[in-house]
Structure formats: structure tokens, C-alpha cells
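Visitor: Sequence:
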Amino acid sequence: MNAADPRSKKLQEALQRQRDAIFQLTMEANIRRTPLSTTLSELAAYMEAHSNEDHLLNGFPRPADNPFTEKGGCCIV
Numbered sequence: 001m002n003a004a005d006p007r008s009k010k011l012q013e014a015l016q017r018q019r020d021a022i023f024q025l026t027m028e029a030n031i032r033r034t035p036l037s038t039t040l041s042e043l044a045a046y047m048e049a050h051s052n053e054d055h056l057l058n059g060f061p062r063p064a065d066n067p068f069t070e071k072g073g074c075c076i077v
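Numbering-wise (our numbering), the sequence shown opens with residue 1 and increments by one.
Hint data in this document are derived by calculation from the structure and do not stem from the laboratory.
Be aware that one or more of the hints could be misleading.
[Said to hold, decoys possible] Quick list of the computed label-pair ranges, beta carbon to beta carbon:
#1 LYS9 - LYS71: 54 to 62 Å
#2 PHE60 - ILE22: 27 to 35 Å
#3 GLU70 - LEU15: 52 to 60 Å
#4 LEU57 - SER37: 37 to 45 Å
#5 ALA45 - LYS10: 48 to 56 Å
#6 THR69 - GLN18: 50 to 58 Å
#7 ASN30 - SER51: 47 to 55 Å
#8 ASN66 - ALA45: 23 to 31 Å
#9 ASN30 - HIS55: 32 to 40 Å
#10 THR69 - THR38: 50 to 58 Å
#11 GLN18 - THR39: 32 to 40 Å
#12 GLU48 - ASP20: 39 to 47 Å
#13 GLU42 - GLU70: 32 to 40 Å
For each residue, glycine too, the CB sits at the ideal point set by N, CA and C.
Given only the sequences and the hints, what does the whole structure look like? Please build it.
Guide: And the structure:
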């Protein structure tokens, strides 16, 4: 087989895909992981600290600030 052979090219592409997959998996395996209990406690602390800014809990100070209110009514002709 020479370099111009279509089978050789397909094999090289498959080999490169495998190398890319191995690289990606290696990167993912090296990610620092934290225990779920730590993450949940940090999340709960953040939510409690920022609860006064949460519009889902407290609503909007003025109705005009709410981007989800309907702007117009229904008109039947």
C-alpha cells in the first residue's frame, strides 16, 4: 500500500480519531473532582447568600421590570 491508497487514508483517519479519543479521555480523567457533599454545601451557601437577588423567589420590585409580562391583549375581529 502506498500513501495514495484509499484504504491507507481511511486507516490513517481512523487512527487519528482513536488518538483524539484517547487524548480527550485522558484530559477528562485528569479533571479534579470534588465530592458531591462539598459541592452541595457550597451551592446551598451560595443560594442562601444570593436569595435576596433572586427574582423567582422575591418577584420583581416593579411590574415594569418583569420581561415576561404580556405586552398586549387579545383582539378578536
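Visitor: Take the hints in turn and mark each one as holding or not.
Guide: Here's how the hints hold up against the structure:
1. Separated by about 58 Å at the C-beta atoms, LYS9 and LYS71 satisfy the suggested range of 54 to 62 Å.
2. Our hint of 27 to 35 Å for PHE60 and ILE22 is violated, since their Cβ atoms are close to 50 Å apart.
3. Checked against the given bound of 52 to 60 Å, the beta carbons of GLU70 and LEU15, roughly 58 Å apart, stay inside it.
4. The given range of 37 to 45 Å is broken by LEU57 and SER37, whose C-beta atoms sit roughly 24 Å from each other.
5. Between ALA45 and LYS10 the CB atoms are about 53 Å apart, so this pair conforms to the stated range of 48 to 56 Å.
6. Take THR69 and GLN18: their Cβ atoms lie about 54 Å apart, and the range 50 to 58 Å holds.
7. The beta-carbon spacing between ASN30 and SER51, approximately 36 Å, falls outside the hinted interval of 47 to 55 Å.
8. Separated by about 28 Å at the C-beta atoms, ASN66 and ALA45 satisfy the suggested range of 23 to 31 Å.
9. For ASN30 and HIS55, the hinted distance range of 32 to 40 Å is satisfied, since their beta carbons lie about 39 Å from each other.
10. Range check, THR69 to THR38: about 40 Å between beta-carbon atoms, so the 50 to 58 Å window is missed.
11. The hinted range of 32 to 40 Å is satisfied by GLN18 and THR39, whose Cβ atoms lie roughly 33 Å apart.
12. At about 43 Å, the CB distance of GLU48 to ASP20 agrees with the hint of 39 to 47 Å.
13. Between GLU42 and GLU70 the C-beta distance comes to about 38 Å, which sits within the given range of 32 to 40 Å.
Going down the numbered hints, you'll see the structure goes against 2, 4, 7, 10, while the others check out.
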